[in-house]
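Chains as they are written, first to last, in my numbering: chain A, 1 to 448; chain B, 1 to 448.
Where hints are given, some of them may not hold.
Okay, the calculated beta carbon distance ranges per label pair [said to hold, decoys possible]:
1. Arg-74/A with Pro-196/B: 38 to 46 Å
2. Gly-296/B with Lys-69/A: 30 to 38 Å
3. Glu-265/B with Asn-439/A: 34 to 42 Å
4. Leu-341/B with Gln-207/A: 55 to 63 Å
5. Gln-314/A with Gln-314/B: 56 to 64 Å
6. Met-27/B with Asp-234/A: 48 to 56 Å
7. Lys-427/B with Thr-32/A: 20 to 28 Å
8. Lys-313/B with Pro-425/A: 46 to 54 Å
None of these hints come from the bench; they were simulated from the model.
Where is the CB? At the ideal position from N, CA and C, for every residue including glycine.
Here's the letter readout for the chains.
There are 2 protein chains.
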Amino acid sequence: MALIEPRTLKGFRDFLPPAMRQRERLMDIARTVYRRFGFSPIDTPALEHLEVLTGKGSDETDRQMYHFKDNGGRPVGMRFDLTVPLARFAAEHLHEIGTPFKRYHIAPVWRGESPQEGRFREFVQCDFDTIGTTGVVSDIETALVIHELMLEIGIREFRLRINNRQILSGLLDSLKLADRSTEVLRALDKLDKIGPEGVAKELQTAQINSPEISKLFEFAAIRGNHQDVLTKLDALLKENEQASHGIERLNTVCSAIQAAGVPSERFEIDVSIARGLDYYTGIIFETSLLELPQIGSVCSGGRYDNLAELFTKQKLPGIGASLGLDRLLAALEKLGKLPALSSNADVFIPLFDPERIDDYFALAAMVRANGFSAEIFPEPKKLGAQLKYADARGFRVALIAGSRELDQGIVQIKDLKTQVATETPWKPDTEEFLAKLRNILAMNSMLS
Amino acid sequence: MALIEPRTLKGFRDFLPPAMRQRERLMDIARTVYRRFGFSPIDTPALEHLEVLTGKGSDETDRQMYHFKDNGGRPVGMRFDLTVPLARFAAEHLHEIGTPFKRYHIAPVWRGESPQEGRFREFVQCDFDTIGTTGVVSDIETALVIHELMLEIGIREFRLRINNRQILSGLLDSLKLADRSTEVLRALDKLDKIGPEGVAKELQTAQINSPEISKLFEFAAIRGNHQDVLTKLDALLKENEQASHGIERLNTVCSAIQAAGVPSERFEIDVSIARGLDYYTGIIFETSLLELPQIGSVCSGGRYDNLAELFTKQKLPGIGASLGLDRLLAALEKLGKLPALSSNADVFIPLFDPERIDDYFALAAMVRANGFSAEIFPEPKKLGAQLKYADARGFRVALIAGSRELDQGIVQIKDLKTQVATETPWKPDTEEFLAKLRNILAMNSMLS
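If we strip away everything but chain A, and leave its shape as in the complex, we get (with noise of 0.2 Å):
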């Protein structure tokens, strides 16, 4: 029989396990950290009637979108985010789930466009949203989420760079500018990338006149620490009432998340971010990696007006962010901060007399019971094999014992690092074992 061509589609990952304990590894820190705050779980299906996921979406969303008939003849697409999801859910739960609602929801998502690097066809997202309040505290718990995933995370060297749309839309008003407003926010967002010269070209081409032109560059070029930025802000708008009040809620979100201990070296008002231009409209958040830069924000997120509007007639504002994994990950890789988790487990016992399987297991079951994880090799080969495997997948401690040795109750406690060997009895009192094993394993874990 001819055999089958073992391959994944072009887009798509395998996970071998170095990469999926990192993947597991954040996405239990994100978890923590979002219950931290009070944020609960849920999940929706991988599958949603076609027309919930088209609904909001333009041509370019439907032509990535993975979508089907089933075997119903049911129109059903694969969901491409987990936003229309969950205003789906929202709108569908309204009742049971009240407001606000905190949830996180951490799962995969899947786009049919191009892959290129760093993009791929499925990914996983690690949302939370508040929804159902337009208070301030949510502004700044969000932000304060953010600070604390990047220090679980192990990054200290990040910026949190926040602003409002309502700074933006009252400057835009007050320039009478506001009919032009996708143009002109998608102009600015390019600063980075194209410089003010491509910027003020963009924004001729959009029949803004210089006039205009230079207050845009005025407000784009203001920068400082915090408290400079809102004083030159307010010195600009104060005359505008919406400037004013995104202004204002900046103010109260930069004095709080420093109540709370973040560094102000930590976080920036950017005026110049302006990220989901139509769908935004409060605050707004990205993060960089100072040490990085270049890989763009790697948790994002901003307040919104109206989450769930084609679902029902309900009012639902809210905020959330979304924690980049493949970003991060990759980030990491490349400033090289992924921890060393070469293994799960800490003991590894060779199968030394394939006759004493009975007291190898033994020894396994006192190890686990007392907190350690411990694999017995399954197959009686030469020890120098078995060791290769135990060093191959970074076990750090092997319990070696043969015949006379289980008789007596000992065992030969092997640093695999040190390649030091001491026997030491293990039965009936395991105290001396136990207390060696913890300091070996204790060591390795502050060398790795």
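Given the coordinates of chain A, assemble chain B onto it according to the supplied hints.
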């Protein structure tokens, strides 16, 4: 604009926080136990080339699979289990992963079958497998993982039912029924469901004579503790080499799992189980809940000879099992054994005075830094409304402070269960505050 009806596809489910917390708990436990025995995580794509998925499939499988052509015209399918992807994965990455290879994989799978009681079109599988070895150590380890999974989940009233396909095969061989093994095994597998008369009828239909049927029933009637069963099997089948080998391996497994601490009432040899008709070739496992046997096995698996024969000429024997997440949750619910996981957060802080947001965030930060989760209500509603929210979300402690208390650095710690509140200083010294908080939360978690 007309609203889109917010609804999920038939056979698909949303998980609201209470249900999702239970699912997360079970998946966390599975990961913890798998790791403790040295299994490593992997992940594979939800979508595969259709030929990869259909390779081994029957028409039945094809009909149940979600498959379509992607935007590039490639025939693709959504995985319907985690075994076929493991086979493809093992064949593709054999040189990187090496053997023995121990992996776990917790991920959703999809089947277009008719939704019915307890059957869904999307469900999570929690598989673990050891591939590349025929060693009995892996048989033992698989039994121990299942045992420990049940205990960690909080189930003590269960029985691991073990059999070995080689015993059945040897028996059929000695009765010259090897060519009708599928019919015989299928009939015997129904003993629990249709009784001996029904099975006898099926066997007669398969052209099997009365003396052989008697022998099969003599075999199937073997009952008792594992030592008795082994003795009886040995008496009946000692002439047959294959059966003897199977009996010998079961003997080794029973002895070792007892050495590892599994009490004899938690397992039995049950010669009537014969799952996976064609697939399994050695030991087979099922797990029955003693208080709810009718729901069927909640964790099942067994040994197979060759995992990836469709993809590689390299023979990959292995053994694995799968925890039935949905079935187990349904059972725990029926038994009233779902633990109370009403909220992710410990501490609720009402937004009592909206002018003092910074103080509330400083308080929350201190609480979180000491290992508790905390949430500040986002709107300055009446205290009663805020506490109602806290109650509905399962919070146990509220920290209430107005401007007077905040000025003095004190807070009311309110036990939301007993409704007892005590004023306590929380800064600059946190000791008394934290002691009280720990006390209330420990008391509450003991009571729940």
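Here is what the structure says about each hint:
Range check, Arg-74/A to Pro-196/B: about 45 Å between beta-carbon atoms, so the 38 to 46 Å window is met. Between Gly-296/B and Lys-69/A the beta carbon distance is about 33 Å. The supplied range of 30 to 38 Å therefore holds. For the pair Glu-265/B and Asn-439/A, the beta carbons lie near 38 Å from each other, so the given range of 34 to 42 Å is met. Judged by the Cβ atoms, the range 55 to 63 Å given for Leu-341/B and Gln-207/A holds: they are separated by roughly 58 Å.
The supplied range of 56 to 64 Å is met by Gln-314/A and Gln-314/B, whose beta-carbon atoms lie about 59 Å from each other. For the pair Met-27/B and Asp-234/A, the supplied restraint of 48 to 56 Å holds, since their beta-carbon distance comes to about 50 Å. Separation of Lys-427/B from Thr-32/A is about 26 Å and conforms to the stated range, judged on CB atoms against 20 to 28 Å. For the pair Lys-313/B and Pro-425/A, the beta carbons lie near 48 Å from each other, so the given range of 46 to 54 Å is met.
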